[in-house]
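Those protein sequence lines, which keep their order, are chains A and B.
Residue numbering for the first sequence follows my numbering, starting at 5 and increasing by one per position.
Residue numbering for the second sequence follows my numbering, starting at 597 and increasing by one per position.
Rather than coming from a laboratory, the hints here were simulated on the basis of the structure.
Please read all numbers here as calculations on a predicted model, not as lab measurements.
By construction, the Cβ of each residue, glycine as well, lies at the ideal position given by its N, Cα and C atoms.
Just so you know, not all the hints are guaranteed correct.
In silico EDC-like cross-links for lysine to aspartate or glutamate, where the CA-CA straight-line distance does not exceed 20 Å [said to hold, decoys possible]: (1) A:Lys-152 with B:Asp-679; (2) A:Lys-152 with B:Glu-617; (3) A:Lys-152 with A:Asp-202; (4) A:Lys-289 with A:Asp-268.
Stretch-level coverage of chain B by chain A, calculated; a stretch enters the list once three of its residues show a Cβ under 8 Å from a Cβ in chain A [said to hold, decoys possible]: (5) 639-645; (6) 703-711.
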Amino acid sequence: MRPRLHALAAFLVALVGLFPSPAAAYPWMVQHGYTACAQCHVDPSGAGTLTDYGRGQGEILLRTHYGKEQGDPEKISQFLFGAVQLPEALQLQADVRGMVIPQPGNVRAILMQGDVRAAVQAGLFTASASVGAVSEGGQNAWLSSNDKWNLVAREYWAAVSPAKGLMIKGGRMNLPFGIRTEDHILYVRSATGTTINDDQQLGLAVSYGTRKLRAEVMGIAGNLQVSPDVFRKRGYSAMVAYAVNKRFEIGASSMFTRSELDTDTLAPRGQMAHGIFTRASPFEKFSVLAEADLLLDNQDGERFTGVATAAVLDYEPVQGLHVFGLGEYCAQSLSAEGDAVWRGGGGVQWFFASRADIRLDGGYGTIFCTPGGEARPYGLLQAHFYL
Amino acid sequence: MLLSLFVVSAWASPNYPAELETLAGMPCLPTCTVCHASNSGGTGTVTAAFGVALMERGLTGLGAVDVLTSAFDTLVTDAVDSDGDGTFDADELAAGEDPNPDGVAFCDTLTPTYGCFNAAQSPISALGVLGGLLAVAFGRRRAS
Numbered sequence: 005m006r007p008r009l010h011a012l013a014a015f016l017v018a019l020v021g022l023f024p025s026p027a028a029a030y031p032w033m034v035q036h037g038y039t040a041c042a043q044c045h046v047d048p049s050g051a052g053t054l055t056d057y058g059r060g061q062g063e064i065l066l067r068t069h070y071g072k073e074q075g076d077p078e079k080i081s082q083f084l085f086g087a088v089q090l091p092e093a094l095q096l097q098a099d100v101r102g103m104v105i106p107q108p109g110n111v112r113a114i115l116m117q118g119d120v121r122a123a124v125q126a127g128l129f130t131a132s133a134s135v136g137a138v139s140e141g142g143q144n145a146w147l148s149s150n151d152k153w154n155l156v157a158r159e160y161w162a163a164v165s166p167a168k169g170l171m172i173k174g175g176r177m178n179l180p181f182g183i184r185t186e187d188h189i190l191y192v193r194s195a196t197g198t199t200i201n202d203d204q205q206l207g208l209a210v211s212y213g214t215r216k217l218r219a220e221v222m223g224i225a226g227n228l229q230v231s232p233d234v235f236r237k238r239g240y241s242a243m244v245a246y247a248v249n250k251r252f253e254i255g256a257s258s259m260f261t262r263s264e265l266d267t268d269t270l271a272p273r274g275q276m277a278h279g280i281f282t283r284a285s286p287f288e289k290f291s292v293l294a295e296a297d298l299l300l301d302n303q304d305g306e307r308f309t310g311v312a313t314a315a316v317l318d319y320e321p322v323q324g325l326h327v328f329g330l331g332e333y334c335a336q337s338l339s340a341e342g343d344a345v346w347r348g349g350g351g352v353q354w355f356f357a358s359r360a361d362i363r364l365d366g367g368y369g370t371i372f373c374t375p376g377g378e379a380r381p382y383g384l385l386q387a388h389f390y391l
Numbered sequence: 597m598l599l600s601l602f603v604v605s606a607w608a609s610p611n612y613p614a615e616l617e618t619l620a621g622m623p624c625l626p627t628c629t630v631c632h633a634s635n636s637g638g639t640g641t642v643t644a645a646f647g648v649a650l651m652e653r654g655l656t657g658l659g660a661v662d663v664l665t666s667a668f669d670t671l672v673t674d675a676v677d678s679d680g681d682g683t684f685d686a687d688e689l690a691a692g693e694d695p696n697p698d699g700v701a702f703c704d705t706l707t708p709t710y711g712c713f714n715a716a717q718s719p720i721s722a723l724g725v726l727g728g729l730l731a732v733a734f735g736r737r738r739a740s
């Protein structure tokens, strides 16, 4: 990288408060011809620890190259840029994700993710775990219990693969539902409780994947990091997706959970969600991600029928630079007047250096699917980095 | 102008429950739903009458304690009674009760706790599960 570009990159990192980020789930990889997740992630349903191949693609395909070769991607992409030689079966990864809120008079910096991940793949067996810290939020993944700065463990699971494409997993895992994305404020993720931020649950899952098909079903045993037991959800979550071709995937999801008491309403609650989604790249460097979910909610005997929808358009004019727009609509109860909320916005995400990206979001609407929630301008400035 | 548009997407004021507990002399920590639509909190989710009353008195969120103190003092001076039951909001909070319409008594209600190290009610430690899973995985690897 030329000195001037080094300076630009350093300035941008400083601008957002030295908060870099993790390799998360990037469903728009369909515009590069990737419909499946298993090539790049240890979890075949996506997100979390990267495989060697995923690390390599992060170097080759994800970032801006500034017009010249960046050296041997195989070595650069390795843990700590290849400074430490890990055993072939071991993957280590350190993820940092941060955000600043530069509101005049009250500038705040939030560490959303500071995780160390480890995964072992030995023969038929795979195990993966993460532990880290957050300055705020992520309470469903807390190990400690402080107002601020908590230890978190988002996932810890072990698996066996008795046949090609088949994996049986047990532990705390991301729920298989809809489009797996790091964008946890999307209505379709927050309304269904399926974010990869802190909505993982303990359970047993079976996943199956081929070049065209991927599917996973999970029995949910509850989140042991929430107490007492009456607040833990039990049920199932499942998804299936079929790739019509390398640039077009369609899928369906279904879930049901029930808890004796809900953590929000403090009353008995049963929730169902059933939906469809698609990831498509109708032409090169452009992708459409869309999801629509029917929400069926039983709160202490009172029943509600709602919807959550989202569409994200992503265009990559130059490798590593993504310009995106999104629109979403949500109503937890279609019959309740004033319940529906919406959000429209867009932004830019730039993978400006090896394993590093910054993202600027802006728009207008309600954050989270909150009945009657106020619509207002919003902005987010994030930075990501992983080792 | 541009900077003023930047607001936090989530976890707007995680310190507010503890601050409110102190300000109002509450016998226990209030849940986030005293102001927000859910315990997840977040910008734009203040829909409870008590929270709206505080925002009408200058509360802007983002964790600013002085702004919360000022808004709460004004609410006390204005003798706000959000649920119209004849007891002022500040007095309800001091008694450990929810000042919102249909609100319940916080301190008599079972509320969730998050984390493992203080979870005496948790029959299984998440760390124990993690250790067990890793032990099984590494044990199998050695055996092979």
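Query raised in the report: Which earlier hints turn out false for this structure, listed by number in ascending order?
Result: Violated hints: 1, 4; rest satisfied.
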